[in-house]
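Taken in order, these protein sequences are the chains called A and B.
Sequence positions in the first sequence follow the working numbering and run 981 to 1713.
Sequence positions in the second sequence follow the working numbering and run 155 to 327.
It should be emphasised that the hints constitute simulated quantities derived from the structure, not laboratory data.
What you are looking at is a predicted structure, and each value in this text was computed from that prediction instead of being measured.
Hints may contain errors.
To be verified - Residues from chain A shown here face chain B by an in silico Cβ test under 10 Å; the list is partial: (1) Ser1236; (2) Gln1239; (3) Trp1240; (4) Ile1327; (5) Val1400; (6) Asp1653; (7) His1690; (8) Leu1699; (9) Pro1701.
Here a beta-carbon is modelled for each residue, glycine too, at the ideal position from N, C-alpha and C.
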Amino acid sequence: MVTRQQVLSVLFLLALCSRMLAAGGSVAGRVTAKGDAEALVGVNILLQGTVRGTTTNSKGEYRIPDVPPGPQTLVFSIVGYQRETRSRVVVEEGKETMLNVSMTQTPVQTEQIVVTASKRQQSLEEVPVSISVIDAAAIQQRNAITIEDALRYIPGVNMTGFQVNIRGSSGYSRGAGSRVLMLLDGIPFLTGDTGELNFESIPVGQVDRIEVVKGASSALYGSNALGGVINVITKPIPEVSETIVRAYAGLYNKPSYDQWKWSDHPRYYNGQSVSYAHKSGDLGIALFLSRQFDDAYRQNDQRRRYNFYMKTRQDFSSSNSLTLNFGLLYQYGGQFLYWRNLDSALIPPAIQQTDNVKSMRYYASGMYNGVLADNLLFTAKAIWYHNDWGFETIHQYGRNESLSDMINIEASSTWLLNRVHALTFGLNGNLDIIGADLFGNHVGGGFALYGQDEMKLSQMFTLTLGARFDWQSIGLTEPTGQLNPKAAVAFIPVAGTTVRASVGRGFRIPSVAEAFLSGEVSNLATVPNKDLKPERSLSYEAGVSQMIGDWGTFDVAAFRSDYDDLIEAGLIVSSSNIPYIQWRNVTKARVQGFETSLKLGLFQGGLQYSLGYTYVYPEDLTKNDLLKYRPRHVFYTNLLMQLGWVSAGADFRYISRVDRIDEELVQLGIIPDGDERVPIYVADFRIGADLSFTGVPVSVTVNLNNAFQHNYVELIGNLMPPRTYVLTLEGRF
Amino acid sequence: MNRIRIATLLLLSIVLLWSGCDTGLAPINEPSGFSGVIRFKNWPPPDSVRDLRIVAFTTYPTDSAGILLTLLSGNAAVYPPNLNASGSLPKFVDSAPYTFTTKDGINLKVQQYNYIVVAQLYGPNSFTDWRPAGVYTTEPNTFNPSPVRVLLHRIVPNIDIEVDFHNPPPKPW
């Protein structure tokens, strides 16, 4: 049994080891914006050729201690500014070298730093895979209540209900299993029982940015990263104490047709949150508390949600830190699975009208970062994620409950071997403990080893080779071992142009829900299948990213994924002629297409415009048909204007009508009018004002979502919200 | 040239925005139900035919509590919907065509009904004095009930019911 003292001793020794390795001088200074000399906060400063770096504080100041003597190169980067490189900065033993830098603003968002593509900090333009980033400002402007609201605006991503589909990788699996891996600060964050993404557990107010890697990423992340990875990165604890109070109130417009009205009262939703962050010396703490009430625009779809979140960070030295997180979600509400029929689109069938769901989910995670040598970074991460949810379907089952615990531990290192090789390697272990009325009692787990070498063969050419071996068992007939290799190249022929190509394998272990669900889904019996095998993919991508002067970027990519043993829930008729649902390895499939995106920054960044278009052709090669729930065209565009203290924005998304759905659910009369669906056209508008110039640190935003009240479904039998009006107030103190 | 491209993109975006004015899905408003003709024979005296209704049961009613409780429990549907005596099916006629739909009846749902009758109120107590006067069957000269599945947005035709007041079907409740 490892005691607390032993853990602290190890951490102390690691910190001591790091200090013993440290020697030399230091570099310090201030970073400002060119022109108005305004201090820049959060600038990333990297000592080139090492894993050492820092960020500027609230005064724009920075200090990197223990820098080896001799000439050094420092790289300064932050979103919205041109990268600055300072070469031949002379550092002397025992002395501090002063280096002030001023950075030039660029109208488009460049120099984004991402961490998901290679498990280490990289400039977005150097990444050899397609990756999109949505930052806290964009999330806040849209008044996203949960993470999935924010994901709806990322090119190549669309939602089917609460499930994420990246470039056609996923359809709809009834909440069981996900072909997209979600990470919270780089740590796997899928539920242990259903293996799904639970967005509600992460308070949006604490999100710094969301990175979305498109395409198979199992060579670094293992199971579930078949279609891509969503990494939710929480906000750092600010240097200066900060209290943020936020409240919003929303109103659903009345339904488009009188016969859809089911309530005489207006339907509202509202939420309040308060967060506090404080740093005292080397110890920082952030607390967040929120409540959200939603009357719902559909009958028996109401929600009450409470979130608590805490983050602490202890800096043992400038290069060693320990971060601990705790999050808790309590939620209860009704359940709306599908409509009664299109004439009563906002009312569930009578049998669902008393269904309710209650969830208590919490997690504790920790991450230790230590610079063991100038070129060697060590990271250890762990999470315990507990899920307890249950539902009552009064008419049929009594209460069903599922308890699950997911534990994941990972140790990894980044080793900058020399100017050519950057190695990333690590090992991972996981354990899932499930006790559920619907799935039974199961204990599963496994381990993984992975390694990757990024070879900078020249200034223009980087080759990345990597592989990961996973061994997993969840109690299926055969435990699974899987080797997932990948190769990627990034070629920068001239500054501003990046050509990339990659090939990699992906795989996904079936979730406990898919293998062992025994009960009823959509009024049909489900039968477990212990013979399920993992599904596998081989993905290819090639793309070009091009800067357009200093006011735009353009990206185009072609992609293809070949899937084997794709797991799909299918309707099967037994020998006694009784239909039932079972998850089986039934399909060989191919998804291919292309994606383009454009970002423009005009009038010195006062006008930001972006668009993204993705074409997907999702073939079911076994049935010679199209895959279910995959739209072939996904188009997004948005416009953001900033005029002094006023900002305004507009978003529009078009998603083509999906070609195929679960037709059998309609043919059997289970979901009446379930085949009624249309292309999706949704326009959202917003206007905001930052009143801090008046001396009152308050901002006001008004959102008008689904402004043209387009009535559409993402998921069979589920009408999406009508026009909504939202007023948000935020105060920062 | 670049400005023209930008203007084109902005214009395209605005056009797409306005195309969102299409309201998308709408109610279908096609009723569901069944229709047919009721043929009457051997009318009794008026004081023993106080009311006539078509009642569709999901299951064969054996509940002694009778039609009303079955109706209240949601397992039966009634036509015509006006429950006053004036809302009865036509009386003392040879035949009466009808269309019993989700819009023109009480409680009719898209599901299967296994026992469909013309119910007769033969006495003064409107809670208890009901009996079947005719039953829907596809087997001539029998009282074996035949099922009818109400399909979404469709009117199932030819659900004809013979009512012979001298030869009523057995009373199940």
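Chain B contact restraint for A/Val1400 - C-beta distance below 10 Å: Status violated, d = 40 Å.
Closer than 10 Å between Cβ atoms is the bar; does A/Asp1653 clear it against chain B? Give me holds or violated. It holds, given that the least Cβ distance between A/Asp1653 and chain B is near 7 Å, below 10 Å.
A closest beta-carbon separation below 10 Å is what the hint needs, so does A/Ser1236 meet it against chain B? With Cβ-Cβ at 6 Å, under 10 Å, it holds.
Is the hint on A/His1690 kept, meaning its closest Cβ partner in chain B is under 10 Å away? Holds - the Cβ of A/His1690 comes within 10 Å of chain B, reaching about 5 Å at its closest.
Does the closest beta carbon of chain B sit nearer than 10 Å to the beta carbon of A/Gln1239? 6 Å, holds
So, as I understand it, the hint says A/Ile1327 touches chain B; can you test that by seeing if any CB pair is closer than 10 Å? 12 Å, violated
Go through the hint on A/Pro1701 and say holds or violated, using the shortest Cβ distance to chain B against 10 Å. 12 Å, violated
Holds or violated: is there a CB of chain B closer than 10 Å to the CB of A/Trp1240? The hint holds - A/Trp1240 has a Cβ within 10 Å of chain B, the shortest such distance being about 7 Å.
Have a go at the A/Leu1699 hint: is there a Cβ in chain B nearer than 10 Å to its own Cβ? Since chain B brings a Cβ to about 7 Å from A/Leu1699, closer than 10 Å, the hint holds.
The structure is inconsistent with the numbered hints 4, 5 and 9, although it conforms to all the rest.
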